[in-house]
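Peer 1: Spelled out, the chains give:
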Amino acid sequence: MANEEISTAEALRKTRTYGKIRCHNPSCMGRLTPEAGQAHVKCPECGMEFRVHWIRPDFPRIRGPVWEVNRKIAEEALKKKEKDQ
Amino acid sequence: MALNRKIAYIDLTTGDIQVKPIPIEIRKRFIGGRGLDAYLLYNHTEKGVDPLSPDNVLLISAGLLAATCASATTRTHVMAKSPLTGLLGSTNMGGFFAPELAWAGFHHLVIRGKAEKPCYLFIHDGEIEIRDAKNIWGRSTTETQWAIREELNDPEVKSLVIGPAGETLVRFANVMTGIKDSGGRTGMGCIMGSKNLKAVAARGTTDISIAYPEEALEFNKRFIDQIASSKVNQTQGTLGTPFIWGATNSWGGVRARNFQYNQCEYADDIEPERIDEIATETMGPHHMAGCFGCQVHCRARYKLPSGPYAGKYDEGPEYTALGAFGAMPDCRNAETVLTCNYLVNQYGMDVLETGAMISWAMELFELGILTSEQTDGLELRFGNDEALIEMISRICSRKGWLGDTLADGGIPASEKIGKNSFDYLVQVKGMNNLHSDERGTPALALNVATASRGSDHLRSRPAIDLYHLPEQVLRKIYSNPVPYDGPLSSDHTVYEGKPWQVFWQENCYMAVDCLGICKYHTVFLGPTHPNFEDWAKVIHYNTGLEFTPKDIWDAAVRGNTIERLFNLREGLTRNDLQKGDMLNHRYFDEPCLRGAPDVVGRKIDKDKFIQMIDELYEHKGLDKDGVPKPETLKKQGLEGEPSHRL
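Chains as they are written, first to last, in our numbering: chain A, 1 to 85; chain B, 86 to 731.
I should point out that these hints are in silico values taken from the structure, not numbers from a laboratory. Note that the structure is a prediction, hence the values are computed from the model and not measured. We put the CB at the ideal spot given by N, CA and C, even for glycine. Mixed in with the good hints, there may be bad ones.
[What the hints assert, rightly or not] With the Cβ distance kept under 10 angstroms, some of the chain A side facing chain B (calculated, not the full set):
id : residue
1  : Cys23
2  : Met48
3  : Phe59
[Said to hold, decoys possible] Chain B stretches covered by chain A per the calculated footprint, using a threshold of three residues with CB under 8 angstroms from any CB of chain A:
id : segment
4  : 554 to 563
5  : 568 to 580
Using the sequences and the accompanying hints, generate a full structural model.
Peer 2: So this is what it looks like as structure tokens:
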């Protein structure tokens, strides 16, 4: 039993990362590694900023956006798209 | 053993009860749970049956693996023709009822007729009694369950119940067990109410012997380790399902103000971390609980900290409640969300449908389509928390013109309200959309448009499409157990390859619904979660049945096809905005105004969307009208259905 071949799901387990979070811009999804206890994180790829919550001292997650920053980015992006159209 | 659990046919009009075994060849074709329920519904209802008539059948089932040594085999499934949509009614809930039903000797109940007066069923160790419900009719969902336990003098009885909303025939009344485990979608509580059936109680002590117990336990250890070690489930075990909110609201995937925006800005008070703090304050640090046999423990417990219901105990809120009572009505206050959650749980009403109906009415009121006269003076505006709470009670009791109108569901309500109110109703097949906004995600839009029970995220949503997974990872998941070498893309904004992902997920979710396993234990939110290969082993070790992964896939495909046959028989036509696989025009006409830079400005391209539906139909073996081709039915062995074999 224990020697049975591992399944696809088990094989994919090595792709998991701990201590890192992904940027919540779905077209970016850059890997972010906040310092322990850090309350905010900025994505170096797309510039979006997020508030960080710590599930455990070694386990961060994004709590939500830094509204002012991300709203400005969104408004600029929308303006540019409307202009391009 | 699991395979000797029976099916019971119960006629509430005559009191007749018949019990039959479930033949193995039927198991091999439909497995159990939702798949077998779909077969039974198609076979035991006539075309065009009135959902609220005694001739509509109500199906209640446990999955094949209920109460075995497999993980999280907790799910109860309920099915009937829906009083909300006139199409397939189907709902699925966690808790502890399904294992109890299995221990009591049954996997499936087929209930027809209508009792002369309110009744409930008591099922125990192979026996079924129809009992008088005069002492529990009119009570809330929680009160009903406690009253049944007292009446039967057994604290271990588990019950499926309806609340007052099921009794008043609210078309989206739910079926509940425990404090918050809800079979919410498609109005199955209304069906119970129409049959004068207040509850189904179960208590079982019969043994379910396991075919290969050592192997079953050993494999389950691997299964548990795979589940419990994932980040997504560790997060869920801390914050509950609302943890999803942080992600979706960050990038702009949440319906806000009905469908005006795709993000609920500055909603910090209803973030899951805030709800968690409230739960910690009221219930202590260990406030998470789990369903039967589950290690994730995503059920948050809380007491209302303030407001008119301060001190009341409840569970949740789920991710869906944050949308239904937060973003959609634009009420960004934790106390409001928790209060609304408590009320719908006690009344027995679907969280999603309730919140969506009221938010739709708020938009109509602000547009002047609904008048103050119709709201009986209520200022039904976005952000009016008191109006939101008041409308929940009015719908449950059908109080006032608007309460009664909204209780009938979106399409009938739009016909009564008139003007262009239907244009603002964000629904598919008569059921309101989840609070998610799919304009930036074509794959998810395809899912809600084509889901068999109306707009829904739990039928075929490829949620991992948003994870930007490398193509080779996607290919490993989506090329198994049937080969697929077509396009797959990590980009959530493209249309290519998405129909296959939706098709795969549709079969994945049908499979777990047949087995009775929670979706959080498969490829829903976690790409590294168990799927077909793993289930083949779980089935074998627990029941002795031999299924290859492809056999499970085939049974799932068959279950989905028979659901399609039912919907077609009841009037589904491809492009019908009320009964078809089509989205509200707002998906195609109104761009996203908020969210991530690549999401703002996005809407669904209708031509590409129609191409996706064509492609999905191809995968499913349907013709251009969405009807199964004769060769598809033959290949799946469904050409003779309804066959009335069970």
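Peer 1: In ascending order, which of the hints set out earlier in this document are inconsistent with the structure?
Peer 2: The structure breaks none of the hints.
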